[in-house]
Amino acid sequence: MSAIISIKNLSKSYGSKKAVDGLNLEIQRGEFYGFLGPNGAGKTTTIRMITGILLGDEGEIAIDGGPIHDKKHVAKLLGVVPESRGFYEWMTAIEYLYFFADLYNVPKKNQERLVTALLSEVDLLKRKNSTIGTYSRGMKQRLGLARALINDPKVLILDEPTLGLDPQGQLMMQQLLKKLSAAGVTIFLSSHLLDEVSRLCSRIGILHQGHLIAEGTVEELKQKTNMKDLTEVFLHLTSE
Amino acid sequence: MFTHIWKKEIRGELYTWKSLLWLLISSLLFSVTCYLLLTNKELSLLDQTELLWLLGKVIIGVALLIVIVDASSIITIEFEKETAESLFISPVSLTDFILGKLLAVLTLWLAIFVVSIPYIIVASAGSNLAIPFLLYTMLLGTLGVLGFTLLVFAISLFFRSSKNTLTTSLIILLGLSIPAVFSTTLKNDVVSQIISRANPVDNIFSSLDNILVDYQTSLIQNWQFIVPLVAFCLLALIILLFAMRRFQKHGVIQSE
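Chain order of the listed sequences is Y and P.
Per the numbering used here, the very first residue in the first sequence carries number 1; after that it's consecutive.
Per the numbering used here, the very first residue in the second sequence carries number 1; after that it's consecutive.
Think of the hints as simulated: they come from the structure by calculation, not from any bench.
Treat the hints with care, since some could be wrong.
Residues of chain P clear of chain Y, computed beta-carbon distances all greater than 12 Å [as the list claims (entries may be wrong)]:
1) 1
2) 23
3) 28
4) 47
5) 90
6) 122
7) 162
8) 163
9) 175
10) 239
11) 250
Below, a list of computed lysine to aspartate or glutamate pairs in the EDC-like style, where the Cα atoms sit at most 16 Å apart [said to hold, decoys possible]:
12) Y:71 to P:96
13) P:81 to P:189
14) P:81 to Y:64
The C-beta atom is built at its ideal place from N, Cα and C for all residues, glycine as well.
Put together the whole structure using the sequences plus the hints.
So this is what it looks like as structure tokens:
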């Protein structure tokens with residue numbers, strides 16, 4: 001396997017506070033990578049630097065071998081469900097996806113089929129003509145996922161996609177992610193739900209105070225720390 | 001790419017009750033102005049050309065005010081409603097984003113101009129000034145709107161907050177409009193004349209005066225007003241390019 005996301009010595013400070021400090025990370029093609037860390041560990045900052053909307057102070061990021069400042073290259077490869085959940089509330093779901101399909105240069109002749117398939121995938125087909133302002137939080141998160149998939153990305157980056165969802169919503173999102181992973185999409189998932197990460201991810205990285213303090217499979221992390229489950233591993237590593 | 005942003009703005013910002021209300025307010029203001037000019041005892045004693053000049057000032061003044069209010073939020077709303085992140089993750093460049101938004105603001109100006117056409121035609125009846133009045137309102141208004149919009153966009157990229165952008169932009173408009181309104185009394189010395197020549201609002205009003213009151217209707221006869229307006233647009237563009245560079249250096253999201 002070759003790295004599809006490669007991060008070398010990445011740092012970012014906000015004033016005197018180092019949000020990310022010398023981060024080195026490699027995500028392999030087809031991998032389902034869980035990115036864990038307590039609040040303020042630097043997860044969202046890292047994700048924003050990977051997606052190119054926040055500039056790092058130092059270090060390099062390459063997506064499939066190309067630099068992140070090559071916007072077209074990055075936009076073609078990445079699908080992102082960002083932390084900020086802003087939507088054009090006055091648009092209907094179908095208008096919203098058509099708008100992004102246009103931005104991603106999806107050919108007009110394919111747009112109807114693609115948008116319908118995505119809405120069906122995230123179970124929003126029945127509400128496709130409702131304005132987004134009338135959607136529940138869970139529906140918006142699902143629509144966000146559909147938008148992230150509009151360019152058929154090789155890499156899907158998700159920042160807390162199940163945050164605030166009810167158990168049914170979480171389950172639905174997890175099943176979708178499993179399906180995408182099985183289809184060969186590389187997934188980079190930042191989450192606070194350790195059980196979710198434990199069940200879904202093939203490899204996990206734990207970020208603490210801007211440093212990657214541990215990395216490996218759940219079993220490897222348990223062995224390294226002599227802990228019973230991922231929750232214990234996480235608490236043990238981040239309490240220091 | 002920018003046409004998609006433009007279409008989105010037309011649908012979401014202009015084709016709404018807010019914009020329709022603005023057009024209705026513009027229409028009401030033009031109606032009240034025309035009514036007062038024709039019926040008020042003192043105002044109706046003015047020469048028709050003076051009436052046209054006053055109407056021209058109201059049309060462009062109202063348009064500048066509405067356009068500045070609209071432009072102050074059209075960019076910043078993407079940051080305040082947290083839609084900027086998804087937008088800039090897509091292949092949209094900052095230039096596409098700015099161009100799309102600029103086209104949307106110019107479309108609003110065009111709509112206001114279209115609303116003003118009947119008033120211009122009726123007020124100009126019998127004066128042979130209807131065509132020059134229309135053409136110069138279009139030209140001077142477009143240059144004014146373009147310059148101010150570029151400036152407001154630069155301020156938007158700097159503050160990323162509609163409240164701060166609107167306040168700053170209105171202060172600038174007010175600061176330029178007050179000397180323009182009192183131009184005759186403030187043009188008595190060299191310094192005031194230089195300031196007046198550099199003031200875009202003053203140049204718009206002076207050019208309208210030149211065309212409608214003094215019948216100097218050719219472009220050559222108005223170059224001394226149009227050139228400073230073009231220079232104002234170029235200066236605003238340079239400031240915007242600087243703001244865009246700064247924005248790209250800082251990133252779409254500034255902090256957590």
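Tested hints:
no., hint, in the structure
1, 1, "violated (7 Å)"
2, 23, "holds (19 Å)"
3, 28, "holds (26 Å)"
4, 47, "holds (48 Å)"
5, 90, "violated (4 Å)"
6, 122, "holds (37 Å)"
7, 162, "holds (15 Å)"
8, 163, "holds (18 Å)"
9, 175, "holds (34 Å)"
10, 239, "holds (22 Å)"
11, 250, "violated (7 Å)"
12, Y:71 to P:96, "holds (13 Å)"
13, P:81 to P:189, "violated (49 Å)"
14, P:81 to Y:64, "violated (32 Å)"
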